[in-house]
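Colleague: Chains as they are written, first to last, in numbering that gives the first Met the number 0: chain A, 0 to 93; chain B, 0 to 93.
Each hint should be verified, as a subset may be incorrect.
As the list claims (entries may be wrong) - Derived SDA-like pairs (lysine to any residue); straight-line CA-CA distance at most 25 Å:
hint: 1; chain 1: B; residue 1: Lys32; chain 2: B; residue 2: Ile42
hint: 2; chain 1: B; residue 1: Lys32; chain 2: A; residue 2: Ile48
hint: 3; chain 1: B; residue 1: Lys84; chain 2: A; residue 2: Leu67
hint: 4; chain 1: A; residue 1: Lys32; chain 2: A; residue 2: Ile42
hint: 5; chain 1: B; residue 1: Lys34; chain 2: A; residue 2: Thr61
hint: 6; chain 1: B; residue 1: Lys84; chain 2: A; residue 2: Ile64
hint: 7; chain 1: A; residue 1: Lys29; chain 2: B; residue 2: Ile85
hint: 8; chain 1: A; residue 1: Lys84; chain 2: B; residue 2: Thr61
hint: 9; chain 1: B; residue 1: Lys29; chain 2: B; residue 2: Leu72
hint: 10; chain 1: B; residue 1: Lys34; chain 2: B; residue 2: Val86
hint: 11; chain 1: B; residue 1: Lys34; chain 2: A; residue 2: Leu41
hint: 12; chain 1: B; residue 1: Lys32; chain 2: A; residue 2: Lys5
hint: 13; chain 1: A; residue 1: Lys34; chain 2: B; residue 2: Leu72
hint: 14; chain 1: A; residue 1: Lys5; chain 2: B; residue 2: Ser33
hint: 15; chain 1: A; residue 1: Lys84; chain 2: B; residue 2: Ser8
hint: 16; chain 1: A; residue 1: Lys34; chain 2: B; residue 2: Leu67
hint: 17; chain 1: B; residue 1: Lys84; chain 2: A; residue 2: Phe28
hint: 18; chain 1: B; residue 1: Lys32; chain 2: B; residue 2: Ile21
Hints in this document: simulated from the structure, not taken from any laboratory.
There are 2 protein chains.
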Amino acid sequence: MELLVKIPSDIFGYGAAILTTIAFLPQLFKTFKSKSAEDVSLIMLILFITGLALWIIYGFETHSIPILIANSLTLIFNLSILILKIVYTSNSTK
Amino acid sequence: MELLVKIPSDIFGYGAAILTTIAFLPQLFKTFKSKSAEDVSLIMLILFITGLALWIIYGFETHSIPILIANSLTLIFNLSILILKIVYTSNSTK
Chain A
0 MELLVKIPSD IFGYGAAILT TIAFLPQLFK TFKSKSAEDV SLIMLILFIT
50 GLALWIIYGF ETHSIPILIA NSLTLIFNLS ILILKIVYTS NSTK
Chain B
0 MELLVKIPSD IFGYGAAILT TIAFLPQLFK TFKSKSAEDV SLIMLILFIT
50 GLALWIIYGF ETHSIPILIA NSLTLIFNLS ILILKIVYTS NSTK
């Protein structure tokens, strides 16, 4: 008797892509609300955004729509966090 | 005459995986050095770590070593940031 139900690996893939994409929305809202991103590493944002741009090229080259969509959204969220960080840092030093 | 050199898509994939993994090291060092992660969203870390765990299951199910390695490292870095955040938040409210 087989009691274990085999979950298709795609379910994990889509769940993973959705979670690692929407994860940056709370960070974006928090940064916007607190008007501070001092503790958020600038180098992290630059490396991460560059990596996401490469994922988008990879998704484009390999015709992978899920990779294209997930990484484009993640890039938009992180670019917004980076812009807010630069704006708030520049305001705080005025 | 073909002047454009075709770069293999794998190069972008590996570059993307390396950058989006090592990106969290500067955040980890920054958090450890400043002893503060107040501006880093707790909900982001929880969603991101859960998503990374699903990527690891997906990499395991699809026998993808690059997905397994990249996401395991990213999970270790982000779990460390989460632990530091909890420790520093708990210390600051004492």
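Colleague: Kindly indicate which numbered hints from before are broken by the structure, ordering the numbers from low to high.
Modeller: Violated hints (numbers, rising): 3, 5, 6, 8, 12, 13, 14, 15, 16; every other hint is consistent with the structure.
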